[in-house]
Amino acid sequence: MSQSVFAPWDDPNEKPLIRFQNVTKRFGEFVAIDDLTLDIYAQEFFALLGPSGCGKTTMMRMLAGFESVTEGKIELAGQDIGPVPPNERAVNMMFQSYALFPHLSVWENIAFGLKRDRKSKAEIEARVDEMLKLVRLEKFARRKPHQISGGQRQRVALARSLAKAPKLLLLDEPLGALDKKLRQDTQFELMDIQETTGTTFVIVTHDQEEAMTVASRVAVMDEGRIIQVATPAAIYEYPNSVYVADFIGDVNIIEAEARPSGEDEYSLNWIEGQAPIKATSQKTFSDGQKVHLAIRPEKIRISTEKPDDADNAMQGKVLDIAYLGNLSTYHVELPTGQIIKAQTANTRRIARRDITWEDPVWISWSATAGVLLEH
Amino acid sequence: MMRRAALIAVPYLWLLVLFLAPFLIVLKISLSDAALAIPPYTPTLKDGIGALISELDFENFVFLTEDDLYWKAYLSSLRIALISTFLTLLVGYPIAYGMAKAPEEWRPTLMMLVILPFWTSFLIRVYSWMGILSNEGLLNQLLTWLGLINEPLTILNTNTAVYIGIVYTYLPFMILPIYAALDRMDSSLNEAAEDLGCSKMQAFWLVTIPLSKNGIIAGSFLVFIPALGEFVIPSLLGGSGTLMIGKVLWEEFFNNRDWPVASAVAVILLLILVIPIVLFQRNQQKQQEAEQ
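Protein chains in written order, with this note's numbering: chain A, 1 to 375; chain B, 1 to 292.
These aren't lab readings, by the way, just hints derived from the structure by calculation. The structure displayed is predicted, hence computed values, not measured ones. Possibly wrong hints are sitting among the right ones.
Said to hold, decoys possible - Restraint ranges, calculated between C-beta atoms of paired labels, are given here:
hint: 1; chain 1: A; residue 1: A122; chain 2: B; residue 2: Q202; range: 31 to 37 Å
hint: 2; chain 1: A; residue 1: R136; chain 2: B; residue 2: A5; range: 48 to 54 Å
hint: 3; chain 1: B; residue 1: F118; chain 2: A; residue 2: E123; range: 53 to 59 Å
hint: 4; chain 1: B; residue 1: P210; chain 2: A; residue 2: T197; range: 43 to 49 Å
hint: 5; chain 1: B; residue 1: Q202; chain 2: A; residue 2: A7; range: 40 to 46 Å
hint: 6; chain 1: B; residue 1: D183; chain 2: A; residue 2: K119; range: 49 to 55 Å
hint: 7; chain 1: B; residue 1: D183; chain 2: A; residue 2: L182; range: 29 to 35 Å
To be verified - The calculated DSS-like cross-link candidates involving lysine-lysine, where the alpha carbons are at most 27 Å apart (straight line), are:
hint: 8; chain 1: A; residue 1: K144; chain 2: B; residue 2: K72
hint: 9; chain 1: A; residue 1: K73; chain 2: B; residue 2: K200
hint: 10; chain 1: B; residue 1: K213; chain 2: B; residue 2: K200
To be verified - Here are some chain A residues pointing at chain B (derived, C-beta under 8 Å):
hint: 11; residue: F66
hint: 12; residue: P83
hint: 13; residue: N87
hint: 14; residue: N92
hint: 15; residue: S97
hint: 16; residue: F101
hint: 17; residue: K164
hint: 18; residue: A165
hint: 19; residue: A322
hint: 20; residue: Y323
hint: 21; residue: G325
hint: 22; residue: S328
hint: 23; residue: I355
Every residue gets a Cβ at the ideal spot worked out from N, C-alpha and C, and that includes glycine.
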């Protein structure tokens with residue numbers, strides 16, 4: 001039995017949980033969100049990714065009800081949530097600062113939302129215990145927030161926002177305050193919890209690695225607009241613009257003039273004195289159109305000998321090596337002055353590395369390695 | 001080590017000379033007998049140490065319990081101090097809240113306005129309240145002019161005037177600690193409360209008030225402690241019916257020239273004040289520990 005892939009966004013019969021319909025948000029003269037339309041489906045782990053000031057936090061605050069919509073509307077499960085105040089929305093939020101109530105214990109923090117619903121004492125106790133178990137904090141129930149570690153506080157905040165079993169959970173930079181190691185562990189924990197509870201998560205982050213790890217789909221934002229919405233793999237492999245390619249991961253951008261040379265094949269004239277680059281593209285470009293070729297450093301091979309079978313190969317000199325432990329990034333300078341980054345996995349010990357500074361090397365890549373983007 | 005000891009010695013020496021020594025003198029006088037002499041009590045150091053100690057007794061304290069004027073004055077002072085502390089809180093909290101929620105660039109100005117009255121003499125400000133509250137005063141003129149009243153209201157020389165005076169005078173002491181507590185508060189806490197199902201009002205009661213509790217306690221003590229022994233405001237704004245221990249003490253001292261009884265009144269007042277002062281200190285200490 002083949003497992004069906006979770007991709008409700010490809011199913012035309014699926015009803016989205018959240019619909020942004022031509023939403024614009026202005027603060028005075030400043031346009032924070034610019035005519036934005038977006039669908040998010042139930043049980044998605046949706047990431048809003050972008051630099052600070054791109055409007056991602058504003059979108060989240062509009063979903064939570066802390067900001068009103070200037071134009072357009074936001075629907076949650078088919079209902080316009082514009083007039084619904086934050087305390088009546090089936091939406092909960094985990095704050096960047098966690099916003100744990102310092103005067104209440106861990107237990108009381110988690111019970112806070114349940115008590116507002118006038119649930120019975122037994123119900124509240126059962127639910128809080130369930131939440132404590134979910135985030136593995138049973139032993140810390142009686143502690144105050146200042147008596148536990150940062151990672152534990154993060155989990156209390158998560159438990160508190162999940163306690164009311166919201167239709168939608170908003171996470172504002174949930175892992176921003178944790179150190180790198182803890183952040184990675186917590187990412188997987190978040191994914192587990194999202195799967196266990198079946199809640200729709202919308203996460204706001206500026207950390208592209210985090211978005212790629214946890215999300216089912218990522219929306220890359222810039223200046224109040226969504227530039228691209230796609231799965232992490234599609235965003236990485238098929239960025240739709242130089243902005244996205246550059247924002248997610250490391251990339252070489254080569255400006256060139258496209259010349260069709262076959263079906264979906266192009267020959268790119270990019271600089272005087274270098275052979276044209278061969279590249280394929282599903283998108284069509286006219287003869288002589290200015291394009292960008294975006295190519296990831298790890299898709300470029302580096303070798304001391306001229307490779308025989310490569311579509312594109314050129315010679316250069318190693319200018320710099322960034323040693324990252326598991327990977328090394330070589331900055332190779334071409335005779336024409338361009339610098340191309342090539343990345344290899346360090347399968348050998350560094351002492352046995354056969355390429356070093358100032359070495360003449362060959363870099364090569366296949367025609368399908370890069371993505372052609374409009375200028 | 002020596003340097004540290006010397007450094008610590010300075011404030012202790014200060015307290016010893018300016019607080020403990022005068023207190024011991026007052027305590028000693030309270031145990032003496034009134035006399036027609038200069039100073040108006042016996043025994044003094046002139047009588048020799050032995051006589052000095054053997055002649056001291058608690059007569060004046062016993063006297064305080066016999067005349068109901070004194071304990072009535074203490075009780076009345078406590079009542080006035082409590083009520084005016086509560087009124088100051090009612091007036092001060094919204095002001096502090098408004099300041100904390102005001103735009104950043106406004107806050108220094110608002111803070112300045114709260115502190116501004118301290119720049120003029122306290123006495124002059126109390127006198128000007130007499131001008132406002134008297135029968136022909138500004139307030140009555142305004143109310144008559146507006147047509148709200150036909151007869152002038154009698155406010156001056158009543159307890160109402162005393163409350164107004166105390167609330168006015170000590171308001172900054174209430175506002176500043178509450179403002180400090182509210183200013184420190186993370187505004188996302190209120191949003192979190194709303195997000196979890198609180199109305200704005202509920203969020204205020206369940207989050208804002210508990211988190212400004214220390215400011216409220218500190219402010220209340222800072223008002224209550226001086227208000228309890230207040231003398232200037234009841235004597236200038238209060239009437240003959242306003243019974244406050246500070247006034248009794250003054251009359252005992254200057255009108256009756258009974259220094260020993262006046263001293264006994266002062267010692268009891270101090271003992272009553274020690275309780276809220278200790279509580280206040282404990283509150284401050286607890287707050288500091290919580291912040292560490």
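Consistency of the hints with the structure:
Distance hint check for A122 of chain A and Q202 of chain B: the Cβ-Cβ separation is about 23 Å, which falls outside the suggested range of 31 to 37 Å. Roughly 51 Å separates the CB atoms of R136 of chain A and A5 of chain B, a value that falls within the hinted 48 to 54 Å. Here the CB-CB span from F118 of chain B to E123 of chain A is close to 55 Å, well matched to the stated 53 to 59 Å. One distance hint, 43 to 49 Å for the beta-carbon pair P210 of chain B and T197 of chain A, is violated here, with the actual separation near 30 Å.
For Q202 of chain B paired with A7 of chain A, a C-beta distance near 41 Å keeps the hint of 40 to 46 Å intact. As the Cβ distance of D183 of chain B to K119 of chain A is approximately 35 Å, the hint placing it in 49 to 55 Å is violated. Distance hint check: the CB atoms of D183 of chain B and L182 of chain A are about 31 Å apart, consistent with the given range 29 to 35 Å. For the proposed pair K144 of chain A and K72 of chain B, the alpha carbon gap of about 45 Å is over 27 Å, so the pair is violated.
Between K73 of chain A and K200 of chain B the CA atoms are separated by roughly 24 Å; this keeps the pair inside 27 Å, and the hint holds. Restraint check: the Cα-Cα separation between K213 of chain B and K200 of chain B comes to about 18 Å, which is no more than 27 Å; the hinted pair holds. For F66 of chain A, the suggested interface contact is upheld, since its CB lies about 6 Å from the closest CB of chain B, less than 8 Å. Annotation: P83 of chain A was flagged as interfacial toward chain B, and the flag is violated, the nearest CB pair being 15 Å apart, outside 8 Å.
Given the 8 Å rule on beta carbons, the hint for N87 of chain A holds: about 5 Å separates it from the nearest Cβ of chain B. Taking 8 Å as the C-beta cut-off, the interface hint given for N92 of chain A holds, the closest approach to chain B being about 6 Å. Given the 8 Å rule on beta carbons, the hint for S97 of chain A holds: about 5 Å separates it from the nearest Cβ of chain B. Look at F101 of chain A: its Cβ gets to within about 6 Å of chain B, closer than 8 Å, so that hint holds up.
Taking 8 Å as the C-beta cut-off, the interface hint given for K164 of chain A holds, the closest approach to chain B being about 7 Å. Checking A165 of chain A against chain B by beta carbon gives a least distance of about 12 Å; that is not within 8 Å, so the hint is violated. Of the supplied interface hints, the one on A322 of chain A is violated, with its beta-carbon coming no nearer than about 38 Å to a beta-carbon of chain B, more than 8 Å. This hint is violated: Y323 of chain A has a C-beta 41 Å from the nearest C-beta of chain B, more than the 8 Å allowed.
With its C-beta approaching chain B no nearer than about 37 Å, G325 of chain A sits outside the 8 Å limit, and its interface hint is violated. A cut of 8 Å between beta carbons decides the hint on S328 of chain A: the least distance to chain B is about 42 Å, and the hint is violated. Given the 8 Å rule on beta carbons, the hint for I355 of chain A is violated: about 51 Å separates it from the nearest Cβ of chain B.
Against the hints set out earlier in the document, violations occur for numbers 1, 4, 6, 8, 12, 18, 19, 20, 21, 22 and 23.
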